[in-house]
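Visitor: Here's the letter readout for the chains.
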Amino acid sequence: MAAMLLVSTVSVFAADVKSVGNVNKKLTEINTGVGTADECSMTLTTTIGPSFAQVKVTCSGTAATCVEAAAIVKSCIVAAKDIIK
Amino acid sequence: MTTRSPKILDMTFFYTVLAGILSIASVKAQEVYDIQYHVKFNDAFDRGRRDGQHTAYLFIRQNLTKFYMIANEKYTPVDENDLGFYPDTNLLVYTDLSNSTMVAREYGFDGKPFFLIDSLFPMQWSISNETKIIDSLSCTRAYCVFRGRNYSAWFSPDISTPSGPWKMGGLPGLIIDLSDDMENMVIRLKSIRKASGRITMPATVEYTMKDHIEKMRKMIEKLQDGARATGSGDCISCQTTSKFEFFTWEKIPR
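Chain order of the listed sequences is A and B.
Mapped onto numbering that gives the first Met the number 0, the consecutive letters of the first sequence carry residue numbers 0 to 84.
Mapped onto numbering that gives the first Met the number 0, the consecutive letters of the second sequence carry residue numbers 0 to 253.
Chain A on its own, in the form it takes in the complex (with noise of 0.2 Å):
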C-alpha cells in the first residue's frame, strides 16, 4: 500500500513537471509489495538549443522523499534554463 502510494504521488509530480525522465526509487522488500521508502531519487534529462548546437542537461536529487527530490532536479533544470536564456 505504501509503495502504491509513492508511486502515485510520483505520477501526479511527473504530470506536474512534464519532464521526469525516469524514477528510480530505492524500496525495501519491494518484491513484497509492502515496503516503505527510505529515500527517493531522480534523475532528469534535457536537451536544449538547435541540432547544429545542444546542452543536454542531467539533474540527479536524492530525497526522503520523492516530492523533495523531484523538487531539487526541478529546480535544477530551471537554474540551467535561465542561464541558457
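Across the chosen pairs, the derived CB separations fall in these ranges:
hint, chain 1, residue 1, chain 2, residue 2, range
1, A, 64, B, 212, 42 to 50 Å
2, A, 66, B, 50, 37 to 45 Å
3, B, 251, A, 64, 36 to 44 Å
4, B, 78, A, 63, 26 to 34 Å
5, A, 66, B, 46, 28 to 36 Å
6, A, 63, B, 54, 51 to 59 Å
7, B, 121, A, 66, 47 to 55 Å
8, A, 64, B, 37, 49 to 57 Å
9, B, 33, A, 66, 57 to 65 Å
10, B, 151, A, 64, 51 to 59 Å
11, A, 66, B, 220, 29 to 37 Å
12, A, 64, B, 146, 45 to 53 Å
Under the rule of at most 25 Å between Cα atoms (straight-line distance), these lysine-lysine pairs were calculated in the DSS-like manner:
hint, chain 1, residue 1, chain 2, residue 2
13, B, 209, B, 250
14, A, 55, B, 221
15, B, 209, A, 80
16, B, 221, B, 111
17, B, 221, A, 80
18, B, 250, B, 214
19, A, 55, B, 73
20, B, 189, B, 39
21, A, 80, B, 250
22, B, 189, B, 65
23, A, 55, B, 209
24, A, 80, B, 217
25, A, 80, A, 55
26, B, 65, B, 193
27, B, 189, B, 131
28, B, 242, A, 55
29, A, 55, B, 111
30, A, 80, B, 111
31, B, 73, B, 39
32, A, 80, B, 214
33, B, 73, B, 111
34, B, 131, B, 39
35, B, 111, B, 65
36, A, 80, B, 242
37, B, 250, A, 55
38, B, 214, A, 55
39, A, 55, B, 39
40, B, 250, B, 111
Hints were generated in silico from the structure; no laboratory data involved.
Where a beta carbon is used, it is the ideal one built from N, C-alpha and C, also for glycine.
Go by the hints and put chain B onto chain A.
Guide: Using the frame of chain A, we list chain B on its own:
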C-alpha cells in the same frame, strides 16, 4: 627580321586587351549558378545516430554566394524532454569573395537567431591524387580538418569557383560532394544550373565568431559553476548532482 609599325602594334595590343576582357567576362558570366545538394545530417552526432534528410541550396553570383538547407521532414522530438528544435532554414551562410567576408546565421540555445562574421575558408586543404567523374564533372579529392572534424571533399575545377556548401570552400573548383569521416554530415550534388538573380548580404554585422566563442565559454563556465540545485532550504538530507554536456557541430576550443 621584320618590324611592325606602331599602328599595327597598337591594334594588336587593343585586340589582346579586348580578348582578355571578353575572356574574363565569359568566366564571370559562368560563375552564376543555382546548385542543389542532397544532405544527410545526423542530429545525434557525438551521441548516437539519428539521420535526417535535407535539401541544400547554394546560389553563386560572381563574388557573392548564399547557402542554406531545409529539412525534408519536420523535426520530431525524441521525447518530452527533448527541447531541441530545427529552424525552417538551417546553416544559412553568405560569402563575399571580393572582400573575403563570410556571414553566418546561427541559433542560440534559446532559439533566437543571430548573424555573425566568420573567417572565409580558414581550413587548410590537402589535395590528393584521387580523381573521379561525378555527374560528368571531373573531380579531385581533398581533405581538411575544420573545427574539430575531419572532412573529405570532391571538388571540380570544371566549375571555377572556390565556393562550396555550408562554410566549406577555398578549393580550386566547386565542392561537389562533402562528408565528415563519421558520415554525420554527407552532402551530395543534386543539380547544377546556370541562373540569374541577385544576392543581398545581411546588413552590417559586427558580432564575430570570436565574440561568440567567448560568450559560449562564459556560459559553459556559468552552467558548470552555478546551476547546481540546492533543493528546498529545509531539506538537509537532499543531495543533487548536475551534468552539462555540450554538443556543437563546430567544436568550441576549450
